[in-house]
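So the protein lines, in turn, are chains Y and S.
The numbers in full-length UniProt numbering rise by one with no breaks, and the one at position 90 of the first sequence is 90.
The numbers in full-length UniProt numbering rise by one with no breaks, and the one at position 117 of the second sequence is 117.
Just so you know, not all the hints are guaranteed correct.
[Claimed, not checked] Once the Cα atoms are required to be at most 20 Å apart in a straight line, the calculated DMTMM-like pairs of lysine to aspartate or glutamate come out as:
no.: 1; chain 1: Y; residue 1: LYS81; chain 2: Y; residue 2: GLU58
no.: 2; chain 1: Y; residue 1: LYS16; chain 2: S; residue 2: ASP109
no.: 3; chain 1: Y; residue 1: LYS190; chain 2: Y; residue 2: GLU128
no.: 4; chain 1: S; residue 1: LYS145; chain 2: S; residue 2: ASP109
no.: 5; chain 1: Y; residue 1: LYS78; chain 2: Y; residue 2: GLU58
no.: 6; chain 1: S; residue 1: LYS158; chain 2: Y; residue 2: GLU58
no.: 7; chain 1: S; residue 1: LYS99; chain 2: Y; residue 2: GLU68
no.: 8; chain 1: Y; residue 1: LYS78; chain 2: Y; residue 2: GLU68
no.: 9; chain 1: Y; residue 1: LYS103; chain 2: Y; residue 2: GLU79
no.: 10; chain 1: Y; residue 1: LYS16; chain 2: Y; residue 2: GLU33
no.: 11; chain 1: Y; residue 1: LYS11; chain 2: Y; residue 2: GLU58
no.: 12; chain 1: S; residue 1: LYS175; chain 2: Y; residue 2: GLU79
no.: 13; chain 1: Y; residue 1: LYS166; chain 2: Y; residue 2: ASP215
no.: 14; chain 1: Y; residue 1: LYS190; chain 2: Y; residue 2: GLU33
no.: 15; chain 1: Y; residue 1: LYS190; chain 2: Y; residue 2: GLU131
no.: 16; chain 1: Y; residue 1: LYS190; chain 2: Y; residue 2: ASP232
no.: 17; chain 1: S; residue 1: LYS175; chain 2: Y; residue 2: ASP106
no.: 18; chain 1: Y; residue 1: LYS59; chain 2: S; residue 2: ASP159
Think of the hints as simulated: they come from the structure by calculation, not from any bench.
All values derive from a computational prediction rather than experimental measurement.
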Amino acid sequence: MREILEVLDVKKTYYKGKQPFMAVNGLSFSVGEGECLGLVGESGCGKSTAARIITGLEKPDSGSIRLEGREIREAGRKEWKRIYSRVQMVFQTPQDSFDPRQKLEDGIREALCNQGMKKREAQVRIRELLEMTELEAEYAGRYPHQVSGGQCQRAAIARALAVSPKLLICDEATSALDVTVQAQIVELLKKLQRDTQMSYLLISHDLALVQAMCDRVLVMYQGKIIEEGTPDEVIRSPREEYTRILVDSVF
Amino acid sequence: MRRQKVKLYVLLALVLMLLGIAAFAPHLVPCDPYEQNLSQALQAPGRGHLLGTDRYGRDMLSRVIMGSQTTIFSALLLVAVITVTGTSVGLFCGWRGGKLDSFIMRISDIFLAFPGMVFAIAVAGVLGGGILNAVIALACISWPKFARLARSQVLMIKDAPFVAAARLSGSGGTKIVFSHILPNILGPVLVTATLDIGTMMMEIAGLSFLGLGAMPPIAEWGSMMSSGRSMLQTSPWVILAPGCAIFVTVMLFNLLGDTVRDVMDPRQSVQHVDRR
Numbered sequence: 001m002r003e004i005l006e007v008l009d010v011k012k013t014y015y016k017g018k019q020p021f022m023a024v025n026g027l028s029f030s031v032g033e034g035e036c037l038g039l040v041g042e043s044g045c046g047k048s049t050a051a052r053i054i055t056g057l058e059k060p061d062s063g064s065i066r067l068e069g070r071e072i073r074e075a076g077r078k079e080w081k082r083i084y085s086r087v088q089m090v091f092q093t094p095q096d097s098f099d100p101r102q103k104l105e106d107g108i109r110e111a112l113c114n115q116g117m118k119k120r121e122a123q124v125r126i127r128e129l130l131e132m133t134e135l136e137a138e139y140a141g142r143y144p145h146q147v148s149g150g151q152c153q154r155a156a157i158a159r160a161l162a163v164s165p166k167l168l169i170c171d172e173a174t175s176a177l178d179v180t181v182q183a184q185i186v187e188l189l190k191k192l193q194r195d196t197q198m199s200y201l202l203i204s205h206d207l208a209l210v211q212a213m214c215d216r217v218l219v220m221y222q223g224k225i226i227e228e229g230t231p232d233e234v235i236r237s238p239r240e241e242y243t244r245i246l247v248d249s250v251f
Numbered sequence: 001m002r003r004q005k006v007k008l009y010v011l012l013a014l015v016l017m018l019l020g021i022a023a024f025a026p027h028l029v030p031c032d033p034y035e036q037n038l039s040q041a042l043q044a045p046g047r048g049h050l051l052g053t054d055r056y057g058r059d060m061l062s063r064v065i066m067g068s069q070t071t072i073f074s075a076l077l078l079v080a081v082i083t084v085t086g087t088s089v090g091l092f093c094g095w096r097g098g099k100l101d102s103f104i105m106r107i108s109d110i111f112l113a114f115p116g117m118v119f120a121i122a123v124a125g126v127l128g129g130g131i132l133n134a135v136i137a138l139a140c141i142s143w144p145k146f147a148r149l150a151r152s153q154v155l156m157i158k159d160a161p162f163v164a165a166a167r168l169s170g171s172g173g174t175k176i177v178f179s180h181i182l183p184n185i186l187g188p189v190l191v192t193a194t195l196d197i198g199t200m201m202m203e204i205a206g207l208s209f210l211g212l213g214a215m216p217p218i219a220e221w222g223s224m225m226s227s228g229r230s231m232l233q234t235s236p237w238v239i240l241a242p243g244c245a246i247f248v249t250v251m252l253f254n255l256l257g258d259t260v261r262d263v264m265d266p267r268q269s270v271q272h273v274d275r276r
């Protein structure tokens with residue numbers, strides 16, 4: 001299997017005043033083409049920081065990140081624009097991930113127009129995307145606070161898919177939704193993977209979700225990967241003490 | 001909410017009326033506000049001159065109407081200038097951050113720490129009299145307030161997921177600032193600007209009263225009050241007319257500002273949810 005994303009020994013330290021805090025401490029993993037990789041761990045273990053580093057929202061202190069074999073750590077502004085046509089992210093809080101003063105479709109259009117699409121073509125593509133994400137077109141003309149969390153998350157997924165990315169990072173994409181809506185979004189993500197063959201990096205603290213979707217799962221603790229395997233392996237027979245505690249706390 | 005809206009429209013209508021009077025002042029005045037007629041000096045309000053005449057026999061009503069143009073429009077100009085410059089500086093600093101941000105903010109601290117009117121008097125004194133110089137002097141001391149406000153608002157929403165999402169959509173910094181950040185901070189900025197119109201009018205009138213704003217014979221409420229103050233006991237209408245005009249106008253703008261805030265603010269605040 002070819003690797004789409006390789007993360008090698010990435011470190012990131014935050015400072016609270018003078019107190020250093022190692023959010024990500026020597027993180028290494030890779031995502032294969034078409035693979036669905038789960039990244040689990042408790043709150044504050046550095047999962048979200050990892051996502052922000054991969055998407056360039058945060059700069060790592062050291063380490064290397066390769067996307068389709070190309071180092072992106074020192075990418076310039078133009079380079080990032082290209083990278084964002086390969087990697088996209090879906091955020092935890094759907095309503096906050098849309099500008100409160102813009103309609104949902106404006107957010108999707110922005111992504112399309114930034115890739116050089118004309119407004120009229122974009123309109124057609126938006127309709128396709130809404131169909132793909134099973135969101136009725138009527139809702140796309142509303143503002144974020146006028147739709148439900150599930151509808152908003154569908155729009156967010158549509159926006160992420162606008163550029164046909166190779167890798168979709170879902171940072172707790174279902175945690176803010178209630179259980180039935182969660183299930184619908186998971187179904188949608190599964191269906192999209194079947195249709196588009198893109199890779200997923202699924203960041204979550206929800207082991208059941210990971211078990212339902214992922215081919216492989218990484219357990220992260222204090223900024224590092226401490227265990228790796230198929231979801232069944234990790235959940236049935238955890239090798240590390242921490243993983244066992246994490247699994248026991250859910251099941 | 002509905003009552004607030006009605007109040008807003010009523011106040012807006014009154015303010016527009018005032019602006020209309022100011023705009024068409026030259027056509028509305030009953031007499032020439034600059035024509036001196038010493039034989040008619042210091043006449044009490046009465047039939048010929050509704051608000052009396054001043055020391056040079058100029059019709060007070062005409063001068064008050066004419067003065068509205070100077071006072072209101074210079075206040076609006078001033079507020080526009082400080083809102084635009086202050087907000088731009090705040091946007092830039094908040095978005096960019098770093099050393100330049102700290103440096104500019106320390107400068108704005110200096111301005112904020114200094115007693116404003118004293119500084120304005122100093123600036124106006126150096127630049128010389130004239131209404132434009134008064135506006136410049138007051139703009140120099142008033143922009144930091146807007147810079148601070150805009151900056152704090154930017155800091156509040158700059159880390160919001162929708163900004164990150166816009167970045168991931170491929171938008172550059174400039175586009176994000178102008179199409180996502182600016183529209184989201186505009187509410188509080190506009191409210192503050194509206195509230196400031198009254199204050200700024202007072203300060204312009206204050207500078208004119210001290211002889212550092214509008215130069216005679218230009219009709220301006222502050223300077224009219226100043227020239228009438230020696231006759232406060234003998235012919236109070238000379239100072240009362242422009243004084244009441246300032247009072248009513250400033251109050252109207254303040255009420256408008258308050259109402260705008262009440263109508264806009266509750267929904268305006270962009271809720272910021274911490275990400276994990």
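Now the hints, each set against the structure:
1. Y:LYS81 - Y:GLU58: 15 Å, holds
2. Y:LYS16 - S:ASP109: Between LYS16 (chain Y) and ASP109 (chain S) the Cα gap is close to 25 Å, so the pair fails against 20 Å, i.e. violated.
3. Y:LYS190 - Y:GLU128: 18 Å, holds
4. S:LYS145 - S:ASP109: 9 Å, holds
5. Y:LYS78 - Y:GLU58: The hint holds at about 17 Å.
6. S:LYS158 - Y:GLU58: Between LYS158 (chain S) and GLU58 (chain Y) the Cα gap is close to 13 Å, so the pair holds against 20 Å.
7. S:LYS99 - Y:GLU68: Given pair LYS99 (chain S), GLU68 (chain Y) is violated - Cα atoms ~36 Å apart, limit 20 Å.
8. Y:LYS78 - Y:GLU68: 17 Å, holds
9. Y:LYS103 - Y:GLU79: 28 Å, violated
10. Y:LYS16 - Y:GLU33: 38 Å, violated
11. Y:LYS11 - Y:GLU58: 11 Å, holds
12. S:LYS175 - Y:GLU79: This hinted pair holds, its Cα atoms lying about 17 Å apart.
13. Y:LYS166 - Y:ASP215: Judged against 20 Å, a Cα distance of about 17 Å means the pair holds.
14. Y:LYS190 - Y:GLU33: Cα-Cα ~15 Å, so holds.
15. Y:LYS190 - Y:GLU131: Holds: LYS190 (chain Y) and GLU131 (chain Y) sit about 15 Å apart, inside 20 Å.
16. Y:LYS190 - Y:ASP232: With Cα atoms ~18 Å apart, LYS190 (chain Y) and ASP232 (chain Y) stay inside 20 Å; holds.
17. S:LYS175 - Y:ASP106: Given that 20 Å is the threshold and the Cα spacing comes to 14 Å, the pair holds.
18. Y:LYS59 - S:ASP159: 15 Å, holds
When each numbered hint is compared with the structure, violations occur for hints 2, 7, 9, 10.
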